[in-house]
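All chains should be built: construct the whole structure from the sequences, respecting the hints.
Taken in order, these protein sequences are the chains called A and B. So the first sequence is residues 1 to 590, counted in UniProt numbering. So the second sequence is residues 1 to 707, counted in UniProt numbering.
The reader is advised that the hints may include incorrect statements.
Said to hold, decoys possible - Cβ-to-Cβ under 8 angstroms is the rule here; a few derived chain B residues that face chain A:
1. 41
2. 396
3. 397
4. 645
5. 665
Claimed, not checked - Pulled from the structure, derived: some chain B residues nowhere near chain A, Cβ distances all over 12 angstroms:
6. 122
7. 131
8. 180
9. 239
10. 278
11. 418
12. 492
13. 508
14. 509
15. 526
16. 535
Worth flagging that the hints you see were computed from the coordinates, not collected in a lab. Bear in mind the structure is a predicted one, so any value in this text is a computation, not a measurement. Positions of the beta carbon are idealized from the N, C-alpha and C atoms, including for glycine.
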Amino acid sequence: MSLLGIKHVLLQTSKQKKFIDAVLKDDNIIITYNNNITIYDNTHKKICNSWTIGMGQQFTAAAVYNAADEEYVAVINSSVIKTFTEDNFSKTDKFTTNIPIHKLISRKGQPFVLFINGIVLPLGKVLEDPKEIPTTGSISSPIMMAELLSNDVVAVIFCQENKYFLTFSDGQGHCTFPVVKESLKLHCSCCCHKDSTDLLITVWEDGSICKSLIPTESDDTLTFESFSSVKTSASKRPGVITTLPNDMFAIISDENKALIIDTKYGVMHDNFEVLPNTQIISVGTNLLTVEEETVYARTFIPKPVTLSSVLGKRSNEAPAIPSVVHWGKKASKKGNPPSEEHMETLLKSSVEAELITTWDELWKATKPQQRQMVCSSTFMLRLLEKLTDKKAPWHPELLSKIISTKCISAKSCPNLFARILEKEDKNLLSKSFTHVKDIGEMDIVLSLNVILSTTKSLPDKETVLLLNEIIKLPFTEVKLRDELRKTNFEKAIVLLNHLGRKLKKTNLTSSIVDKIISWMCLILDAHFTQIMVTPNVWEYLIELQETVAAQVEMYNDLAEIDAILTKIKQSSTTTKKIKQFVYNVEVMLI
Amino acid sequence: MDNFEVDQVNKETEMFGSKAVKFYKISNLARLSYYIMSKFVVHRCRLFKFTPCAVQCMAASVETSDLAVARSDGSIEIWSTKYSWFQKLVIPGSSDHSVESLIWVGNRLLSGGLQGDITEYDLTDATVKLSVDSFGGAVWCIAYSIVKDKIAVGCEDGSVKMFDVKNKAITFERAFDKQEGRILSMAWHKSGDIIVTGSTDVVRIWSTKTGHAIQRITIEREMKNVETIIWSVAILSDYTIISGDSSGRVQFWNGKNATLLQSHRAHRADVLCLCSTKDEKCVYAAGVDPRVIAFNLVQEDDVPTWVKGRYMQKHTHDVRALAIIENRIVSGGVDTNLMMNSISEKVGSFQRVYSFPMKSLVSTSATKKLVLMQYSNYLDLWKFAKCNFPEELNAGRNIPIEDNPVKLLQIKPPSSDTNHICCSVISPCGNWIAYSTTSTLRLYNLQTSDELSCKVIRVRCVGLIPSHCIVFTPDSNYMITSTTNHKILIVHLVADTCEARLVQMLQLKTYTCITHLLAVSSTSSYLATANLDGEINVFDLTNMTHFCTLPKYQHTPSSIAFHPVTNDLMTAYDDLQVIEYSLIDKAYTKWTKQCLSTNNEPLLQTLRKGASSNSCNIAVVTSIRYVHSDEVDKVFFMSREGLYIAERVPNHMQDTKSHLGARFCHKFKPLLCTEFIDESTLFVVERPLQDIWEQLPPTLYQKKFGT
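Right, here's the structure in full:
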């Protein structure tokens, strides 16, 4: 649920001024007009600085702040980059590029320059050689949208011969994806960022608002998932749509209303009326609307979008035309339950072949959406109870089939693992570990105890596989620790040994490493006292410590490499002070 | 131009393209001269972290128009302000010596510092002459009365001590009553009867006859619990007392009644210094707020009123000292530079005097590609960078560095020697390093086992005396020093056995000033010495006799050098005049005569015009180098601002039509050293002003509009 504050006037100008854009700099807002840059102090709600350029010149892109050099960067007449400090607007540096600039994009105070041909370069690099910008880029048509993604890649949408394309440019290379939805025209788009996920929001001719995951690989394709709708018209003017924090975005509809919609459920959370041709921009926690000569600001306090928060909110979707469903005689609201015949057979018969056949029939007859219901039903509980009863005959094949459905929960057959272990059916055990849900810690430890009972020091291949399966199972630490305390100490050490060896061999990027480490910690915790007083075990511990130390050393080396890479990254973003050096050898004409 | 020259120009234009040929018109010359730029491989080194020290206090000499400037490291510079601003003498400081105040007693220079003594300096040899205990702890301020011929000293213990300075001595006379709190500022009335002191919250007026305080002025506190410190006081002949305090106020008091006449809050922070003009109609105040504000005395209905006048904001940091020299107000402070403004509000009369050293703090060994950098209390020895030279050396091209410069070692004087290093040098062969403080001269032999490691062995030599200047002969067989007791020592060096032996001591005729320049000819047959009086002597080293004395020019020589072939002695002076003297003919060379006859002003000054800013002091030439070939003789004059390059036809080819070619190359950042490694390789040590400014402490925060 978003909360929009009271609308207040941010800036009032004359008709001659044409609004370009607004960006955030710490607590200030940099508002760029075609002939003026104004800094607005949002904390104190006042203008703190304003600069105007002379006749014949105009700003063509939003000014940004370069935190590294503590100066502002603006674009004049599309090709001239002007840098200036707060104190000195007139005495500044100007750099003329060989290619016109579309936009300046700033991320955490570091500016990037997006040229009209799609080339994106860090500002420092541009200022170093402003005339050496590569002329061949991926774009030769007007840019519709350009936004910086969370991975510092600029996403650009452009229209070429009535077709839309999405391209990324990180200065190194680019990938292009077609943006196509049923030959509809794309009206506007924006990117939403959440953690490391980027979502592309597109508004189409038919009023549908779609979201797509920004593709990361060149093989990926863009798929559009419609989640809301709004009436908009194709407009070349910017500022029709803007992203907001917490999975929200704002859009101006044809009815001169600004709508705040969330991307999760497509629900409209707020709206307000605006004048025609209004532009809407999000700057930090402020939503700016540029209505004629005035810039208004509204603060909003976004709250996480949850299902409960959207309950009661009216959906922005157009009312769906209800479809007519004819109920057939055979149709039942509850669905088709398994036939009684099958159930009776399964519960009473003891012939495995018959049981298997009946089960197969029953399973085929059950619709996929009902299978989970069947597996959770009382009938299944009774069946599993019968199959895992000690006195009843053992039907491993049937059990295997039932377990293979992946619909069985360990809670519905508490004796399952005990019975399987009793029968020493390792295949079934392995299948159970893989397919049965919600395996309790008690069953896990029970299985471990049995598996390790035959293992002295080095488990065999089969055992290793089983142990690996067990390690992957989810568990609750507290409960598992309690259960591990009950295990035999020697078995725990064997397991510990196995985990140590596995840790040595496992690739650190593997997801199982966390599990291995958790298990090791739990075993050490559970048997700490006994480990301390058992010298025989210390050898294992020393070996384990060496393994851990090797990993730690590797992590330390990685940290050093990371530091060096960070340093290179920082130093590679050169500032315009290129003549700073400590020692230089050059050929000079004197 | 005659036909020969036109043809020559056309040929060269054809060869090198029009960009290579430049035409310069030297004033008063009837024709154009030309030259061709040469390509040099230039090692631009910015490893030397030279940072001048803050100006602590200043004193202007009435007799000689010299300005004594004390720096925060305890060193004192004597600036000659008659013609151009030339730093003629530096008395090195030491780590246990500070200077809080300076005064001139006639032509004697005295200082007081936190170590609790009053020091007199011997300006003939730049050393401490006399040091007397103040008997009151740290000395914060000194004042001098011409009438009484006495000095009064404000001490840490809150007392004023009076000393007699007659007969070139400093003798304790009496102590005034003690007061609470240290005495931070002091002023002596013209009559000699009244002394005004400032301390914390109070200004006292003392009678010098009785030694008692006759009046006490309590300064109002801005805030209850915050004391007001009176950093500076002045007293005019009509007994008007002016005080500058820590609240930024400049207050004018009636000294007779101890009443407040006027109070001005013109500064945003502490007022640290005051200065009044000779006519006492204008008082200047400056402080932490780096503006120098003038207060003018205006008669309004026969009531004298002090009104705030113009202000000058040229400093970036605290201004700690003000002085008036002739019709100029000089200010200095934490930003290390001296700023000069005209008292008469003349437009364009501002000048910034940069605090770059007048003599080179860097020496090089071309053979071993080593550079020695002198700091105040240590020396750094670096190895040049190694380069990968490409086949084509195009101008403007950066040559990739294969091996970065390496710092080989750092030499520090022993901890018992607290004096700063005054001069140092490395021999051309790279095997010897020598440096001198005011107490010792040390010689080291450098032994390099491989390119990146070396060992330093102290070489002891009997008879070595602390020196102002040290040079090695080009063959590195001799070390020659000019000592603090006005002698020239010649020491023979044997690298193989690491031995040094004093072989000759030459007595200089002049005792009244230091010999600050030495030069040895390429064949080690001649030695030239120059002192601050402008006397230049040449000695014949083959038979250790005085050879000749050059004609005296009215300015101070700043650099001397011998021609590598003809042994003509080139001298550059502080007014940028350059004079070449032929030892064979014992007369000025033809080139010098031509320069003097064709130019009204010094040649280098003509070149400097238009290239350098007029708002900074003229940078004197600190070294002269020759690049000689059969066709052309090039002389490079290095100054802080750049390189003056004079090209002329070699002497043996000179005729009456020998043409002059000269230009000023200011492509470099402020230069500290320029040396030729070979004919086409130059090694320059630059120190960008930005790098110096970055070392300075933060300035006073000033709120800006709208922030």
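Numbered hints the structure breaks, given as an ascending list
none
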